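K.L.:
Build out the structure end to end from the sequences listed, making use of the hints.
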Amino acid sequence: MRGVIRRRTDAEVIDVSHDLPRGDPRAAAFWLRFVLPEFPPAVHCAVVDPGVGTDRAALAVRAGAHVVVAPDNGLALPPARALAGEETRRATGRGGDDVDVYRIDGFDPASSTFHGRDVFAPAAADVREAIAASVVEGTTGGTREVSEALQDLAWLTRVDDYADARLPEPTVRDVDGGSAPVAVEGEVVVVDDFGNVITTVPGEYVRGRDRVRVNGESVPVGETFADVPAGDPLVTTGSHGYAECDVNDGRGADAFGLSPGQRVEFRFG
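Positions 11 to 279 (the working numbering) are the ones given, in order, by the sequence shown.
Errors might be hidden in some of the hints.
The following label-pair restraints were derived from C-beta to C-beta distances [said to hold, decoys possible]: (1) Glu233 with Ala142: 39 to 49 angstroms; (2) Arg221 with Asp118: 56 to 66 angstroms; (3) Gly218 with Arg17: 49 to 59 angstroms; (4) Asp174 with Phe204: 21 to 31 angstroms.
Source of the hints: derived by calculation from the structure; they are not laboratory data.
Computed from a predicted structure; not experimentally measured.
Glycine is no exception: its CB is placed at the ideal position from the N, C-alpha and C atoms.
P.N.:
Below, the structure is given as structure tokens:
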């Protein structure tokens, strides 16, 4: 993919990761939500594509002055919304969702199993070149220039129907309809390389508590792994802002018996 890109553009190519969860667009989208907003305006090519070779579409998603090129399997939209929101916050101090979605046509893949090379890499390179050609010399290009560049590409078609890997909202259980939750149930979205179990429950529900019950088992809540002895389980809030089930110097997935897609309940009191 790098070779294809460099044949079509002289842009700098930065490898963010080759270790996104295989075959899991939702988990990849989760990670990219937090990684891509750290970049200045760029074209981001992301490929986790279990549907390669099928009739799933290829997308270019404009997010502010960024563009995300990815399969139409839910991968593109969460990081694109994060990019758009961060750009709007930096410019205005408010959140936003300035996203346009385009279908990519016109790239004839040479294989049915490697569209990263045959479709997404060349499309990303050509989008970058189109943006560069539309930007006034001496400027970096903003939302308007990027939007106009995409609209001028004949092989892009604006669409409103696309997959979106939004995280499921947690279920909050209150005391007799009161304001204090007694439990929050979510889902395991990913287990990272360290065995940390990352859930869809926002960290605000567990942060500041002494202990919670995780699927019935009482577990201490900590700010750092070192808040418990080595080998002991704990619940933390990760850098992404979501509750994790972890083990200090161990694998939370093994200790809690959890894997992606499983339900997990945090009960309080």
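K.L.:
Next step is simple, just say for each hint if it's right about the structure.
P.N.:
Outcome of the hint check:
For the pair Glu233 and Ala142, the beta carbons lie near 45 angstroms from each other, so the given range of 39 to 49 angstroms is met. At roughly 59 angstroms, the beta carbons of Arg221 and Asp118 sit within the given window of 56 to 66 angstroms. Range check, Gly218 to Arg17: about 53 angstroms between beta-carbon atoms, so the 49 to 59 angstroms window is met. Range check, Asp174 to Phe204: about 28 angstroms between beta-carbon atoms, so the 21 to 31 angstroms window is met.
In the structure shown, no violation is registered for any of the earlier numbered hints.
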